[in-house]
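Q: This is what each chain is made of:
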Amino acid sequence: MDFLTTYIVLAEIYVLLGLSTNLLVGIVGIFSVSQAAVFGVGAYLTAFLLMHTALPFPVAVLLAAALCVGLNILVTLPSLRVSGDYFVVTSFGIQLLATAVFTNWTGGTGGANGLPGVPAPMILGHEFLEPTEFIALTTIGMGLGCLCFWLMMRAPFGALLRAIREDELAVAALGKSVLGAKVSAAALAGAFAGSAGGLYATFLSFVDPSSFDLDASIFLLTMVVVGGARTLAGSVLGPFVLLALPQILALIDIPTSIAAAARQLIYGLLLIVFMLFRPQGLLGEKL
Amino acid sequence: MSAYLQVSGLNKRFGGLQALRDCSFTVGQGRITCLVGPNGAGKTTIFNAITGFLVPDTGHVEFQGRSLDGQSPQQIVRHGIARTFQNLRLFADLTARDNVLAGMQDHVGEGPLGAIFRPFHTARALAGKRDAAMAVLAHVGLEDRADALVRNLSYGEQKLLCIARILATGAELLLLDEPTSGLSGAALTEVMALLRRLQSEGKTLLVVEHNTRVVQQIADDVLFLHHGHLLAHGSPAEIIADPKLAEIYFGGTL
Amino acid sequence: MLRISTIALALGLALPASAQTIRLGAVLPLTGPAAVIGMQEQRGIQFAVDEVNAKGGVAGHKIEVLFEDNQAKPDQSVLLFNKLVDLQKVPAVFTGYSGPSLAMAPLAGRKKTLLVNGGAQADALDKASPYLINTIPVLAGELDVLATYLVADAGKKTAAILFENNAAGIAGRDDFLGSFEKAGGKVLAQEPVPFGDTNYRPALLKLAATSPDVVFVVITTGTPQLADQVRQIDAKFTVVGSTFFSDPELIANPNAEGFTHTQVLINAPEGMAAAFKTKYGTEFDFFPKQYYNAATVVMICVEKLLKDGKPVTGENLLAALKEIKTFKGLTTTVFNTNTAATQINMNRINGKQDNLLKVIPPK
Amino acid sequence: MLWLNLLLNGLVWGCALGMVAVSFSLIFATTRFFHVAHAAVYGLGGYVAWSALKHGLPEWAALLVGIVACGAVGALIQKLLYERLDRSGATHLVILIASLGLSAVIQNSLAAVYTSNVLQYGLPWGNRTTVIGGALLTNTQMLTVGFGILSYLGAMWFAHRTVLGKRMRAVASNPFLAEITRLQPRQVHIAVMAIGSALVCIPGVLVPLDLGLQPFGGVPILLTATIAVIAGGVGSISGAFVLALVIAVLQNLSLLVMPGEWSIGITFGIFVIFMLFRPRGLFTG
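Chains A, B, C and D supply the protein sequences, listed in that same order. Number 200 in our numbering belongs to position 200 of the first sequence; there are no gaps in the numbering. Number 167 in our numbering belongs to position 167 of the second sequence; there are no gaps in the numbering. Number 110 in our numbering belongs to position 110 of the third sequence; there are no gaps in the numbering. Number 10 in our numbering belongs to position 10 of the fourth sequence; there are no gaps in the numbering.
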């Protein structure tokens, strides 16, 4: 049943991204609309390392995740100087800048043609080609991600992040480094997004800019908000629900000529309904 | 050897407003010193200057012989100085215990690496810190409200929690910004009793206070601030008796 | 007109009334900016299938095509491809756009499902997978014809390139650059335009400043707007293009006077174009015709398998295609490799007519 | 003289962008809601005018119908969606997500009703060109410049001369104070959404008149316009219009030195760096 396993694999990859977005937007309160760009860098870098170097798969993904840690810190630093609404536009800017680089840097990312032929993960001599095998990798990846998120939220680090979200000044007055906490959170979010990118590229064996554009960032944000902001449960539920949605909507037989546009329309309506009547999402806390 | 807390020649201008004008004073160790003066005299500005939230144009702050100039709020808390805010700034969506925990220093697992790679050590240390937080809450009489959300505490209880939170930092010099404002009756006496008890336990308090009766009952020294300048200092009796100061403060005798 | 229906009638087979319907799949971009082409491709397939079903289907079996919307994204394409192959057990899947096609190509090979691309021309598609067949010549073949014609027949020396910044556009630029310089011409400048953006004026101004003999344009949509803007800047160069220029809306535009372009020979009989317009309200232009032809090719393979009594699977379809090799759909399509070679014409638009200049038979 | 043509082309595009920026600035400065669906209202205006034209109305009447329709839609959006969200204490993120949803609803409705094809207004006079100082300008381009300047002056007159305009700026400068005085910010928000949405219909019709009508055409234009608004200093109408012109000219002139695909990337790159050093914008209103 490759269809079901493919759905689960993609959902699990998006859970890693959901954790990353929830950490930044939900918990620390940095409203970032450029997580898909970091996800993209993770995917392209892993693909590049696997195609042009002899690095084994685990090392390539870790390297990509490490670079995304640095990149995500850079991307979220402006939020320290620029407040709420202004940071939204800066974040839009960063995302569009990344898309321009993905689309035009034909040397590195294959440009608009994308990067075909990304090798499948090879661990201990076993090639994870079929979705039924690949699901093991993404389940472990998601598991590790959720474990880190859960441990972090239970520890003083999570309490510190929640306090920062409520009143940064008070936290500083209690002798805690707000900058240090935000940078650490951005680093963690970067690691999640980078590793998700690595898994995504090797699963699809093809990456192109369309998976990492502004729509993708907005989709990530929506997943977190509908699934439930600021909670682990919300980060896990969101991707599974929103990836299943188009398939569920496909069951309603709408005339094929307008079926697709109608589905996107219903998708938009759902967003509005959730924001009006249940802004905390299915399993989350108030944003 | 200079005084416990030595503030000398502080100046700070915000555009047209000269918030602090050559302001100097000292605070003795183990004493309760009240900072008095009409609204806008610069009392909170002094707190911001001492705790590193505000860089004065000129002037120095020394604590136990060590200069605090240019240090970050985090470093100053490490030296043992902590402050509360006039508008409380408690974490409304967290419980009383979590607010106190937020004030505690040297948590294990306050960074992501510790939280993730040493989970058991973190959990054990956190349990210890939780008990310590309970002790602090008990100290201010809030032990039975430990798990209540701050938004569900009474105003009096929130005032006590503010003090508990900075006690948790382990600071020895407490800068309290109007700890009794808005309180009356039992709640007021309870806070005043707490302040005296803290002094008896070796804490030094610098308190911004409007209520002259409170000043008379708890203050060892009084600093009278006007237009960002120290106009007078002395015992509560001297300051309150001085007609000129009363004129400035109330626009009429007591 | 179609050979299939005549054969079915000729055999007069008394087939069971409810002969099992044969289901095919299609993964196309039906929403988002790419929908403008995806919808036309969908209409082309549906129009061909409806026509065949109206005449009793293929050897008595009705054909049904299940459309899925991938928004031109690779992850959606892989998910929907697996859905169509696993759940609906389709033996063949139509695809459009180079990105998604390249994403699905390895899967098609592994699952032995025929992946039929009727519109994307990126060169990488030619060898992406044994199960990926392209019923439209890859751009390189077409542009080779264009370049040699321009230099040899029309005596043009210098050119500039205006290309859409996506897979098809970049492939077009690279192929034309290679062919034109191989034929002895010189490319002076090239300018990209973001996909979906019909504001060509700045790029045209920049290219016009290098005063080339011709400007080669490879864009998939917005050709009428391009024609208007070329006239507005009073450009002196001749505009040349690929088969995307055989769009009735462009040909009818007075500003397209003198546009020269290759045309992958695919013209529809009068009645069909009108029937398509009444049914869908849009022109039966390049993409619907290409996908009508692609659907016809697949249905001819299905018909052969049914007649030979073989099960309609991806593997058999591919074998049938290789066996039949030459298909007489809307155009003669010859499969020496995975990519069809078709007859390519050189046309020039004069007086709102697309006049033939030269015919180049498939190699 | 390629640079002159590019400059002129940049100024024309700057006027269209300026109208979107000014209309967005009016709304964003007053309500502080990040009204992303402004791009969809821009698209709606173009299609309403197109339908009015196809039903035989003369050009000016079709534009008027579009303007009125957009104004009504803007007021409805504020009344039924943003106001209800605001009253239930929604944060800016929640309102932004709702606005994104609304944008998807409107744009996909347009795609379903009008198909995703590039539609033409089919007005031949639009393409006729006249020579000005050695450069060619089409009637549509001249109209765009005319309407652009008119809209800018109109917005300035409205904001500074009319009573509603003054109330709007009061609400913008101090939302809390406005709440407790008799400014009735709720009514001002509805009015400003109506006016902003009506104004955005003009570029919504003029740009497709030149470049063809597409359901998803509004998003890139709005993002560039928000940069002009933010970089120009929120609340400053002059800032928004001037920055729109500057960005458009820079984008066009950048073709002189680099290939076109980088012009959008460069615009956002400069903006991100700019925001790091001048977070409050140039002409802080």
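Derived by calculation from the structure, the hints in this document are not laboratory data. We put the beta carbon where it would ideally sit given N, CA and C, even for glycine. Mixed in with the good hints, there may be bad ones.
Unchecked claim - Footprint (simulated), chain B over chain A, 3 or more residues, beta carbon under 8 Å:
#1 127-137
#2 151-160
#3 175-181
#4 185-196
To be verified - Residues from chain B shown here face chain A by an in silico Cβ test under 8 Å; the list is partial:
#5 A3
#6 T51
#7 V55
#8 G59
#9 Q74
#10 R78
#11 F91
#12 D98
#13 L101
#14 Q105
#15 P119
#16 R124
#17 L126
#18 A127
Q: Go through the numbered hints given earlier and state which of them the structure violates, listing their numbers in rising order.
A: 1, 5, 7, 8, 16 and 18
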